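Asks: Here is what each chain is made of, one letter per residue.
2 protein chains.
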Amino acid sequence: MIAPNMATMLAFITTDAAIDQPLLEVMLKKAVSLSFNCITVDGHTSTNDMVLVMASGAADNTPIKQNSPGFSALAQALEDLCRDLAFQIVKDGEGATRTMEVTVRGGATLDDARKAAFAIANSPLFKCALHGGDPNWGRIISAAGYSGAAMNPAKSRVVVGGVVIFDMGQPVRGVADKAGEQMRKDHVTIEVNMGAGQASFVAWGCDLSNEYVRINAEYHT
Amino acid sequence: MIAPNMATMLAFITTDAAIDQPLLEVMLKKAVSLSFNCITVDGHTSTNDMVLVMASGAADNTPIKQNSPGFSALAQALEDLCRDLAFQIVKDGEGATRTMEVTVRGGATLDDARKAAFAIANSPLFKCALHGGDPNWGRIISAAGYSGAAMNPAKSRVVVGGVVIFDMGQPVRGVADKAGEQMRKDHVTIEVNMGAGQASFVAWGCDLSNEYVRINAEYHT
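Taken in order, these protein sequences are the chains called X and W.
Under the working numbering, the first sequence has 137 at position 137, and the numbering climbs by one with no breaks.
Under the working numbering, the second sequence has 135 at position 135, and the numbering climbs by one with no breaks.
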């Protein structure tokens with residue numbers, strides 16, 4: 001996971017809810033797995049990322065337990081907050097001009113879906129295609145393929161911004177203009193079906209621009 | 001392994017030596033593992049790479065056997081040729097202005113050494129530092145660390161063009177100018193010791209430049 005430039009991401013979350021520490025930790029772990037651990041700017045993992053949550057109990061509520069009414073409300077609020085913060089990191093990626101949400105479905109396992117989603121979101125070739133606004137299915141499919149995740153090419157499918165550009169292992173003709181429009185939006189959604197199972201994973205990333213290179217090559221001069 | 005642009009690398013090698021097919025195949029596999037499989041331009045594996053070797057036997061030599069005099073000479077020639085061709089691919093990488101040779105030593109296993117070497121050679125952050133000519137040990141060490149390979153930070157070491165910039169887990173002071181000179185050469189050698197064993201691996205890569213982004217983002221317009 002990437003925190004641009006300073007190679008460090010520190011997140012401090014506070015709540016006035018009364019809740020036991022072990023339960024809050026379970027809640028936070030789930031929220032982080034669905035947010036901060038779903039983002040990438042360049043695949044270069046930072047050395048010291050941290051997400052902390054502190055509960056003061058000042059709300060004077062009946063302490064939240066696993067099945068108490070407040071549990072799902074707080075869990076949802078924590079998840080929403082973490083997603084919002086994580087997405088802001090991607091949006092703020094060095095030189096990012098566009099963000100992407102890569103949803104991989106049909107993975108044989110959750111780990112497979114995760115691997116494929118990050119391979120796409122981290123591929124320098126696809127990140128350049130995103131920068132150029134081109135719905136390059138070849139770069140998406142080949143990244144999913146080399147990720148090591150199980151894939152059934154004959155059942156694979158790629159959808160960009162709701163436009164199916166690759167289906168049953170074949171490119172779809174006549175959709176280049178519509179798909180190109182979708183690829184040139186500020187936020188682009190990409191769905192890939194691996195045709196290998198039921199698992200899914202969502203990763204967030206950004207494009208690779210000249211500005212990324214400038215920031216990370218010329219910082220010293 | 002990357003073949004720039006066309007997403008395909010096809011290598012055809014011919015020899016007039018008389019040699020049995022199974023033995024030539026063993027020879028080629030070793031040569032490829034030390035050459036074509038050691039290079040990366042952007043980590044985006046191509047879908048259809050191929051290396052073929054054909055032996056006509058026109059040299060009329062006594063057919064080469066495992067222990068015959070011609071064996072090591074032909075094996076060495078094949079290895080040299082494959083290295084030369086593989087290095088040319090890296091040099092010809094999209095927008096490459098500098099090449100790098102990353103030697104990882106002290107790996108717990110060969111696979112660990114390989115993982116660490118490719119993590120460094122593929123890190124967009126380090127590739128940008130190479131482009132900018134900055135001996136950024138933090139980007140090297142963190143890439144080796146996130147590769148998943150076993151590492152003993154207290155024994156780790158980084159050498160750029162013969163200049164030790166990081167040793168026993170600490171940056172070396174007063175070498176920035178000398179190391180910077182080395183980083184601005186056309187071909188930069190980087191040595192990393194993982195302090196975790198005896199295995200080593202050499203990977204070849206290139207820098208990440210604005211021109212890489214231009215070529216891979218604007219090909220469509």
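FYI, nobody ran anything at the bench for these hints, they're computed from the structure.
Hints may be right or wrong, so weigh each one.
Claimed, not checked - In the SDA-like style, the derived pairs of lysine to any residue whose C-alpha atoms are separated by at most 20 Å in a straight line are: (1) K115/X x D111/W; (2) K29/X x N67/X; (3) K155/X x T47/W; (4) K178/X x G148/W; (5) K115/X x K155/W; (6) K185/X x G148/W; (7) K185/X x G145/W; (8) K178/W x Y219/X; (9) K115/X x L74/W; (10) K155/X x Q170/X; (11) K185/W x T47/X; (12) K115/X x E218/W; (13) K185/W x Q170/X; (14) K155/W x K155/X; (15) K115/X x Y219/W.
For clarity, every value in this text was computed on a predicted model and none was experimentally measured.
Asks: Hint by hint, note whether the structure agrees.
Replies: Going down the list of hints, with the structure as the test:
1. Straight-line distance between C-alpha atoms of K115/X and D111/W comes to about 19 Å, which keeps the hinted pair within the 20 Å bound.
2. Annotation: proposed proximity of K29/X to N67/X holds, straight-line Cα distance about 18 Å (limit 20 Å).
3. Between the alpha carbons of K155/X and T47/W the distance comes to roughly 18 Å, so the proposed pair stays at or under 20 Å and holds.
4. A hinted pair counts as satisfied when its Cα atoms are at most 20 Å apart, and K178/X with G148/W does not qualify at roughly 41 Å.
5. Annotation: proposed proximity of K115/X to K155/W is violated, straight-line Cα distance about 31 Å (limit 20 Å).
6. Restraint check for K185/X and G148/W: the C-alpha separation of about 35 Å exceeds 20 Å, so the hint is violated.
7. For the proposed pair K185/X and G145/W, the alpha carbon gap of about 35 Å is over 20 Å, so the pair is violated.
8. Distance restraint check for K178/W and Y219/X: the Cα-Cα separation of roughly 19 Å lies within the 20 Å cut-off, and the hinted pair is therefore satisfied.
9. Between K115/X and L74/W, the direct Cα distance comes to roughly 41 Å. Violation of the 20 Å bound is thereby established for this hinted pair.
10. Taking the CA atoms of K155/X and Q170/X, the gap is near 9 Å; set against the 20 Å cutoff, the hint holds.
11. In summary, the hint linking K185/W to T47/X is not supported, as the alpha carbons are separated by about 29 Å, beyond the 20 Å threshold.
12. Distance hint between K115/X and E218/W is unfulfilled; the C-alpha atoms sit about 28 Å from each other, more than 20 Å.
13. For a cut-off of 20 Å, the pair hint linking K185/W to Q170/X is broken: about 45 Å separates their Cα positions.
14. For the suggested pair K155/W and K155/X, the alpha carbons sit about 48 Å apart, so the restraint of at most 20 Å is broken.
15. Under the criterion of a C-alpha separation no larger than 20 Å, the hint pairing K115/X with Y219/W is inconsistent with the structure, at around 28 Å.
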